[in-house]
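Asks: Here is what each chain is made of, one letter per residue.
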Amino acid sequence: EAQVTQNPRYLITVTGKKLTVTCSQNMNHEYMSWYRQDPGLGLRQIYYSMNVEVTDKGDVPEGYKVSRKEKRNFPLILESPSPNQTSLYFCASREPYRVAEQFFGPGTRLTVL
Amino acid sequence: AQSVTQLDSQVPVFEEAPVELRCNYSSSVSVYLFWYVQYPNQGLQLLLKYLSGSTLVKGINGFEAEFNKSQTSFHLRKPSVHISDTAEYFCAVTLGGGNKLTFGTGTQLKVEL
Numbered sequence: 001e002a003q004v005t006q007n008p009r010y011l012i013t014v015t016g017k018k019l020t021v022t023c024s025q026n027m028n029h030e031y032m033s034w035y036r037q038d039p040g041l042g043l044r045q046i047y048y049s050m051n052v053e054v055t056d057k058g059d060v061p062e063g064y065k066v067s068r069k070e071k072r073n074f075p076l077i078l079e080s081p082s083p084n085q086t087s088l089y090f091c092a093s094r095e096p097y098r099v100a101e102q103f104f105g106p107g108t109r110l111t112v113l
Numbered sequence: 001a002q003s004v005t006q007l008d009s010q011v012p013v014f015e016e017a018p019v020e021l022r023c024n025y026s027s028s029v030s031v032y033l034f035w036y037v038q039y040p041n042q043g044l045q046l047l048l049k050y051l052s053g054s055t056l057v058k059g060i061n062g063f064e065a066e067f068n069k070s071q072t073s074f075h076l077r078k079p080s081v082h083i084s085d086t087a088e089y090f091c092a093v094t095l096g097g098g099n100k101l102t103f104g105t106g107t108q109l110k111v112e113l
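Listed in order, the protein sequences are those of chains A and B. Residue numbering for the first sequence follows my numbering, beginning at 1 and increasing consecutively. Residue numbering for the second sequence follows my numbering, beginning at 1 and increasing consecutively.
Calculated from the structure, these hints are not laboratory results. Note that this is a predicted model, so its numbers are computed, not measured. We put the beta carbon where it would ideally sit given N, CA and C, even for glycine. Fair warning: there could be bad hints in the mix.
Unchecked claim - Simulated crosslink set (DMTMM-like; lysine to aspartate or glutamate; CA at most 20 Å straight-line):
id	chain 1	residue 1	chain 2	residue 2
1	A	K18	A	E62
2	B	K100	A	D56
3	B	K100	A	E30
4	B	K58	B	E20
To be verified - Quick partial rundown of chain B residues pointing at chain A, CB under 10 Å, derived from the structure:
id	residue
5	Y25
6	Y32
7	A92
Sequences and hints are given; from them, build the entire structure.
Replies: Pasting the structure below:
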């Protein structure tokens, strides 16, 4: 089954404690991206990656890092989380320029105390 | 730059009544338009899309949307809603042939008995 998986699905942490949210896809997609969803703001793109070792900033990259060492994985790293990063995070994948066929992960709800 | 406006943050409606969720976009070039639905505690699911061709687009669960280029709108409609349609709905746009998907702020549809 074609899917994007994220782990963990729920996470409560404290300010400053480094964390990683993993994202993996089994469709051999080149393009992957991370979004955060906040009430009243919709989904905003954090980072995206066009292919292995190619990453770029989205609209709200501050406080986040990503890496793309393998095609299937695109982890989101919060080196020093802060309460304003409390949000619902979605990973997505597709082929480049095939926006209509974007697959979303199930989401990770992060709370930073 | 492309942008999307969803004017209604919440839309309450009684079961079996018709509903329209409004979406306006801003772009001077051709666009692709999408509606996504997010059921409570779930990820995003593509409801329908407009890429080209007929301006009336039919999607899943009885929803449809009409692309109106002169009014730069892509409103979502359903003639008779059900309790199970209670969800948040996101309009999204990308430039034709482009690679970035921009989301609106979302409309919470609440269907009441």
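Asks: For every hint, state whether the structure bears it out.
Replies: Hint-by-hint comparison with the structure:
no.	hint	in the structure
1	K18(A) x E62(A)	15 Å, holds
2	K100(B) x D56(A)	12 Å, holds
3	K100(B) x E30(A)	14 Å, holds
4	K58(B) x E20(B)	14 Å, holds
5	Y25	13 Å, violated
6	Y32	6 Å, holds
7	A92	8 Å, holds
Checked against the numbered hints given earlier, the structure breaks only hint 5 and satisfies all the rest.
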